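Residue numbers (our numbering), protein chains in the order written: chain A, 1286 to 1717; chain B, 34 to 341.
Hints listed in this document are in silico derivations from the structure and should not be mistaken for laboratory results.
Note that this is a predicted model, so its numbers are computed, not measured.
One thing to keep in mind: the hints can contain errors.
[Claimed, not checked] Each computed DSS-like pair below joins lysine-lysine, with the alpha-carbon atoms no more than 27 Å apart: (1) A/Lys1312 <-> A/Lys1702; (2) A/Lys1471 <-> B/Lys154; (3) B/Lys154 <-> B/Lys125; (4) A/Lys1597 <-> B/Lys120; (5) B/Lys260 <-> A/Lys1471; (6) A/Lys1471 <-> B/Lys120; (7) B/Lys185 <-> B/Lys64; (8) B/Lys186 <-> B/Lys289; (9) A/Lys1597 <-> B/Lys154; (10) B/Lys290 <-> B/Lys185; (11) B/Lys102 <-> B/Lys72; (12) A/Lys1411 <-> A/Lys1471; (13) B/Lys289 <-> B/Lys185; (14) B/Lys64 <-> B/Lys40; (15) B/Lys125 <-> A/Lys1471; (16) A/Lys1412 <-> A/Lys1425; (17) A/Lys1597 <-> B/Lys40; (18) A/Lys1597 <-> B/Lys125.
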Amino acid sequence: MSLIIKGGRVIDPVGGLDRVCDLEIDKGRIVRTGRGLSGERVLEASGLWVLPGLIDMHVHLREPGYEYKETIESGSRAAAAGGFTAVACMANTDPVNDNGSVTDFILSQARRRAAVRIYPVGALTKKLKGEQLAEIAEMKVRGVVALSDDGATPMNAEVMRRGLEYASTFGLPVIAHCDDQNLSRKGVMHEGAVSMRLGLPGIPDAAEACIVGREILLAELTGAALHIAHVSSRRSVALIRGAKERGVAVTAEVTPHHLTLNDAALAEYDTNLKVSPPLRTEADRRALVEGLIDGTLDAVASDHAPHNIAEKEVEFENAAFGMIGLETSLPLLLRLVHAGTLTPSQLVQVMAVAPARILGLPGGTLGKGVDADVSLVDPDRVFSVDPQTLLSRSRNTPFGGWELKGKAVCTLLRGKKAYEDREWKSRQKVSS
Amino acid sequence: MAWGKRKDLLGIEDLSRDEIETILDTAESFKEVSLREIKKVPTLRGTTIVNLFLEPSTRTRTSFELAGKRLSADVINVSAASSSILKGESLKDTAWNIEAMNTDILVVRHSAAGAAHFLSKVLDCSVINGGDGAHEHPSQALLDLFSIRERKKRIEGLTVSIIGDIAHSRVALSNILALQKMGARVRIAGPATMIPLGVASLGVEVTYDMDAAIEGADVIMMLRIQKERQGAHLFPSVREYATHFGLNQQRLRGAKKNLLIMHPGPINRGVEIAPDVADGPYSIILDQVTNGVAVRMAILFLYSGAAQ
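Make the full structure from the sequences, and use the hints.
Right, dumping it as structure tokens:
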């Protein structure tokens, strides 16, 4: 039974397309785009953007082990509500995803319960300890798409070097969480004028940049594919820009919160703003936006990190690091679009095309014959973020009460609805 | 008297110069109470004050306790060892339980910066910050101002040098903010490992040279050196610190004749300050302690709302 998405602005940078037209889907695949298409079912999409399903390449789904924070099911529903049709989930679960059986478990839960595609990221080292390589080939066979010790950086450069080499043997990119743990020590926020005023232990930007520099040099040495996670500082942006100019195989991502907020926001000790890497200065934030525009930073990823309220409603220094992001990622990026900083096509590039390319995933395009993973976005819909109504199992967002403009209203996975905005749905019924 | 309705004293940062002066003036009138034969006035009779001290403290806790008692308030001390925090109760739950016993004022000392802010958000009662991590220690800065004003009759225009581990000191931050609000010039000195990264934004003069710090200063505040900081690579040895950044008679040869030497205590004799300097003619270290009670009486009085 064919489905026509009618009269939306179809934006598909891979296909070089950005115009108002119809999109035909049949048997879960994209058939064609064009004008005046007809089919058995019609989704009225005038005023909406029709995008390739968004891909969040860096989330924490917490299952197995921390199901009280999030599950594959709840996290995937939050993803669908945020316009995502695929997410890559990090390995810092309990047990750690450092062997094939944990990978199997994640994928079997995903098959049974997930609303979107789940791509597991395997640990680079056993138990994320940075000591011995995990069984990478076995995890590759079971389905991991990349390797990362996210949350911890192997402090031993030799381990990282061998990890990069071994991963490249199996064609897997390594996602580096760059943090020199000796420099960051007990730090809980960016070290600078604001941390001094708040009396909070600081994390210097050099804690990130030192390791970004190290990983780039190791990627250069080994020729392996390196991806830098959640870049937070202007010094890191400069290092990545330089590496790309030299032709190093490095890619990088940035989070919506690092693009939106700076360390001054911490003045009230809101623990929802405690993230790793920390929010940095306004100069850093601007450098990240610039890096995103000029392509130094390839992708946007939320680093969705759910935590229970009991882990956040404590002294700042004792609070867990991380904020949720799946349901606010797109609206926050749309602020840059509305401000004229980013074009809609660039938004699709950084939120769908680049993540697919970096991880070697299908998707990121609306080309003929591909699976119909589609995000319908109302760019003008104004809404207020209410943490209580989010689909994530956790509420740790600093954006509660923010008025944002633009959100996903319908997410299709293989042509089937994975999410539908209630208000939009009721209007559909009235009009049909 | 410039005093609006204020629920909490979280830091000097939130206070205006007028408010600081009101606290100091009020403290002046309370200082006399401690000199009476019967050191008590009925001002806060029926007021319940809880001192929640989750980090070791002798001076500040005793001082707040005496201040409350001299105002006839009911004062209870809860320490880390005696609280349910050790049993795993969260700070919020501990505070809620204390408030449920109809507490009017909670004085909190905590090793985490922002702990007083956190409590002010979850509690309706008054929260007085008795020191939070490396953030602020407002009552200390206020008693320091009081002690300086008592001797010098003014604060405006004075040069005050604060020497030691500025980066990890709540006393330093509160004093820098307080002194600047009152129109003093502030100098800070210590090895670069103890000067915070964002220091430029404070508008203080920074020197790594002790003699330059002492020269022309009207007041010198020495900070306690925490010996455990040696493990954090802030200085190689106590001996080397004492030699290069300790205050001793020899160094004071270039000092102003009417210099005041202060220290928030507890002092490490022979480390940041030589014993003969601590006990010498410039020192007002024990005045600070005496004045602490009067200043805390003023704080409890004003924040209890009894002034309205």
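Evaluated hints:
| no. | hint | result |
| --- | --- | --- |
| 1 | A/Lys1312 <-> A/Lys1702 | holds (13 Å) |
| 2 | A/Lys1471 <-> B/Lys154 | holds (25 Å) |
| 3 | B/Lys154 <-> B/Lys125 | holds (10 Å) |
| 4 | A/Lys1597 <-> B/Lys120 | holds (19 Å) |
| 5 | B/Lys260 <-> A/Lys1471 | holds (18 Å) |
| 6 | A/Lys1471 <-> B/Lys120 | holds (24 Å) |
| 7 | B/Lys185 <-> B/Lys64 | holds (17 Å) |
| 8 | B/Lys186 <-> B/Lys289 | holds (17 Å) |
| 9 | A/Lys1597 <-> B/Lys154 | holds (14 Å) |
| 10 | B/Lys290 <-> B/Lys185 | holds (13 Å) |
| 11 | B/Lys102 <-> B/Lys72 | holds (9 Å) |
| 12 | A/Lys1411 <-> A/Lys1471 | holds (24 Å) |
| 13 | B/Lys289 <-> B/Lys185 | holds (13 Å) |
| 14 | B/Lys64 <-> B/Lys40 | holds (23 Å) |
| 15 | B/Lys125 <-> A/Lys1471 | holds (23 Å) |
| 16 | A/Lys1412 <-> A/Lys1425 | holds (17 Å) |
| 17 | A/Lys1597 <-> B/Lys40 | holds (25 Å) |
| 18 | A/Lys1597 <-> B/Lys125 | holds (11 Å) |
Every hint from the earlier list agrees with this structure, and none is contradicted.
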